[in-house]
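Q: If you want the building blocks of each chain, they are given just below.
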Amino acid sequence: MSRAEGELQTVVERLSPVARRLLRKMEDVSPYSASGLAKLIGESEAKAVGAIGWLIANGLAKQESGGQLKHRVSLADTGRLFYAEGVTQARVIDLLRDKGSLTIEEICREVRPKEELNPILGSMKKAGVVRFESGGRVVLGEESTVAKAEEEYRKVYELIKDVGSEARVYWDNMTVDERKKTEEMSRKRGKGKAVFRIAREVEMLYALTTDGQRARLICKDEEGAEEIDSLTPEILEKESWRGRAFRKYDIATAPAKLTGGRKHPYGLFLDFVRKKLMAMGFEEMEGRLIETEFWNNDALFMPQDHPAREIHDVYLIKEPKYSKKLPRTLVKRVAETHRSGWKTGSAGWGYEFDVRRTARFVLRSQGTANSARMLASIPRVPGKYFAIARCFRYDRVDSTHAPDFYQIEGIVISPGINFRHLLGLLKLFALEIAGSEEVKFIPSYFPFTEPSVEIIFKHEKLGWMELGGAGIFRKEVTLPLGIDIPVIAWGLGLDRMAMVTLSINDIRDLFTSDLGKILQMKFSPLYSYLS
Amino acid sequence: MPTIEVKKAYLDRCLKSIKEAGVGIEEALSSVKAEIKGEDADYYKIDVADTNRPDLFTAEGIVKELQGIYRKEKFDYSFLNQKPSHRIEVLDSVREIRPFVGAFLVKGLTVDEDSLDSLIKMQEKLCETLGRKRRRVAIGVYEASAIKFPVRYGAFGPKSYRFVPLGLDDEMDLKDILKKHPKGIEYGHLLKDFSKYPLLLDANDEVLSLPPIINSKKMGEVKIGSNYLFVEATGLDQRAVTLALNIISFCLSFRGGTIERCESVYPYSTPFGENQVTPMQMNKALRIDMKEPKRILGVEIGWEDAAEKLMRLGYEIHGRGENFQVIAPYYRSDCMHQYDIIEDIAIVKGYNSFAPLPLTDFTMGSLSREQEEMDNIRDILVGMGFQEIISNILVSRAELYERMRQEQEAVEIENVMTESYSILRNWLIPGLVKVESNSSQIEYPHRIFEVGEVVLKEDEPRAELRLACLMSGREINFTDVHRTLESLLETLSLPYKLQAAPDHSFIGSFIEGRFGTVEVNGKEIGIIGELHPEVLYNWSIKMPASALEITLPSNLSCLIRDGVL
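These protein sequence lines map, in sequence, to chains A and B. Mind the numbering: the first sequence is residues 50 to 580 in this note's numbering, read in order. Mind the numbering: the second sequence is residues 316 to 880 in this note's numbering, read in order.
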């Protein structure tokens, strides 16, 4: 049954580019194996089998048996489960990494029913990947063991994906390591169930039909006709494009990477917060990296022998040591407030204020220093102000502590505001900045506010997360700086949120000097951290 | 933020009834600003946020507060009105060394493993925090039945007395204890300026202890089974000494002990007079203006309601209506202002019971002038294909000086934690060079920039906003950064000139003859050049690089003054 030339032409035109490419390359008369076809077009076996499928469907090729005896790998029940939802063991590790410690019941709720999970947890315990703590809580074992196991599960999952998607079908074509793994995991081991199934079967072979041979020649001719490769100014000038075909690109081919200019992803995150605050009517304040003890602490009613002020929390400047430009009247009022409360109605801390120490240069340790300066500068009332200020803490530097970091904080000054407005503002922050409507208010302590509150919000995946702290400035703070109306002070702790958004685990990476890492970080303002 | 360890069994037992009433332990703890940070088989590790509430640094203090809030349980401290039953005589010799002492005794509380553990933990925690590592207050506990009263507190010469200190077996004189005993080594600096050392002695001249260092083994070892204890505190701050005794007496009384007060008799005057009886109520009555809770909290609260809430926290209530006054419990010293008390009312009411209100004042939002300018410049550079970098401001000396072949003085940190973060950057280019040294695997050419603050060493050190750009690649040279500068300043409408500057202070980092200053209106605003191969070598960079750095123009008052901007 042979078809007319015109009909064949239409069939060829409708073939997918890969199928057409395959057709063109099947020059041998002897039949090809699936792997042979894959080699012809330089694609995966799955793609080659797909392409030959097209040709068979159009009557251009046929299947023949009689190839070699091969081992076909497919997924067993457990394998299909892993293919659908990931390797159970890896999911347990992920869950524990996230939550720290969980009871077996909690793990079962998230992962698999108990009767399935028990033997798995048992084998993980045996391998030292998890430990059982008293009270029946499960925690991860040694990091090195866990990491090794994770790597192993990752490899297994890759293999499952390949087999599941039929990208790889034959055991005989796998690497030694993969062969070993599939073979191991195709047997029932103890209580563990088989992941793969290996069956012996005769390999399929493929060859062109007579129509196929003719169609191949049509393809060949097409190729031979004088196609235009690059469209050039000369071709346009001479109009020599008329009546000629263009070589077709394989438009799905991955292009080389284009590295353009970009703002820093963490900078974009801060810009996002900045815009949100601006939209809420906040005006940005400026401040100083190098502060005096006066603005950094004393004006905020932190007693000079406050434990948080000992040498271990703030970086001192070596030279020069003392500022000569402190506002005398304010220093006097603040000193008196610390000693006896001044006119604030407070009893004060009851100690002799050290006026020398208040002039000491330090690195700004809290953004609240900017707010204190703003209060003293005769601000607009009503007024809302914010700053995203680089601050420094004398702390051991590790994956959760950076030597310098951005603090986001501000104030609201208005005659009629109270604690309930403060809660309203925090709720607005949660909604606008964290995209969360579920919040809780918790009593908190800051030396400069009373009452003080902390807000936490519910993150869909990570659970309750800290959003920030706030309070109403103490009279001992506002009165000496010349403000006699309520001032709400707030601060947002967004570093963890930024890290989740940018997919980094080490806070030091926010300021990394590794260009590769910076290029990998992505920021999307659409609450990407919520999904 | 102090972290304390509390026996799980004790806390779970004490909070059982609260839990049964539907309040989880986490939620309950949040009302005393505390949070469980971890746990092991026996202990909860609890973070207490309020550094002004040392009474909450104890298990008993937390339990009492929660039982008050959630179960309205009252606690009796009428012992504060009792006459003292024992006496400490203070000698004039301690006046300049460690002038204050106070004490009390506890009867009827048999020390078991649990209470001993709690007592030791609270003693250590209070000495460290409220006591500022024993300088301000140090606390000692003794088996009381062996002590013959009155006790004397005085200062004596280094070799005047010998005793066996706790933890060792040999009798030693005071000097040797300071030199050789582990606690002497740890805390000896508190006495190093004195030729005499404080001692507590009983009426038989037996040494009780050498405060603030160590107890005597014979007189000052508390064992399980003891049921009569003597607790003393000495220090430099009489209020803190008294507060420590108040807190411990509260805890031991809460566990069922009967407190017997002690009188300290001074030969000199003190803030509490020549005779002070401890423990004592130091807090004064504070009048609450009932208009204030409404103003601050935004809800109407009657004085009866406020009184009921405060009594749950152990406040004494005096007067009513207009004359409503309260006295904070004797184990607290944080109530300085009526707002402190208003917060307590709000906490007992429950923060989540307040309905949030929106802010309604109209205010204009705006960026700072600095941020506006930074954003403008960031946009221009991104448009030219540059990647933005954000680096640490705190860096190492090597990064700023040696590797850059520089000596331009920067502001340094006095209390350095690690050498890697010991100096404030005084220019931006080293941060970009550091990026290059870590990024050779990324395809060239590289175009990177940073807009940020540098700190200049002046009488009043100040930060200045700068821009730096760096380009690196096989074909990159001076011309490339020159083109960038040209395009940038053209966009900013700033006519500029480049000036060769062979004697410039930053020349060491660049190749001579391929370096210059950027001048606008005759004023230097920056530098530009090809980085010296020695600098690249120092950073292990194998690719040529050129860079420029300028002060952001709006920062330059000279340009504004001269009408350029």
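Keep in mind the hints are simulated off the structure, nothing from the lab. We put the beta carbon where it would ideally sit given N, CA and C, even for glycine. It is possible that some hints are incorrect.
Just the calculated beta-carbon pair ranges, DEER-fashion [claimed, not checked]:
#1 B:Pro-817 x A:Lys-204: 55 to 61 Å
#2 B:Pro-817 x A:Leu-568: 36 to 42 Å
#3 A:Ser-448 x B:Arg-602: 48 to 54 Å
#4 A:Asp-403 x B:Phe-509: 18 to 24 Å
#5 A:Arg-405 x B:Val-614: 40 to 46 Å
#6 B:Glu-637 x A:Arg-557: 41 to 47 Å
#7 B:Arg-602 x A:Asp-403: 44 to 50 Å
EDC-like cross-link-like pairs, simulated, lysine to aspartate or glutamate; straight-line CA separation at most 20 Å [claimed, not checked]:
#8 A:Lys-566 x B:Glu-688
#9 A:Lys-571 x B:Glu-758
#10 A:Lys-370 x B:Glu-775
#11 A:Lys-148 x B:Glu-775
#12 A:Lys-367 x B:Glu-775
#13 A:Lys-324 x B:Glu-458
#14 A:Lys-324 x B:Glu-687
#15 A:Lys-324 x B:Glu-688
Q: Tell me the hint numbers this structure goes against, listed in increasing order.
A: When the structure is compared with the hints, numbers 6, 7, 8, 11, 13 turn out to be violated.
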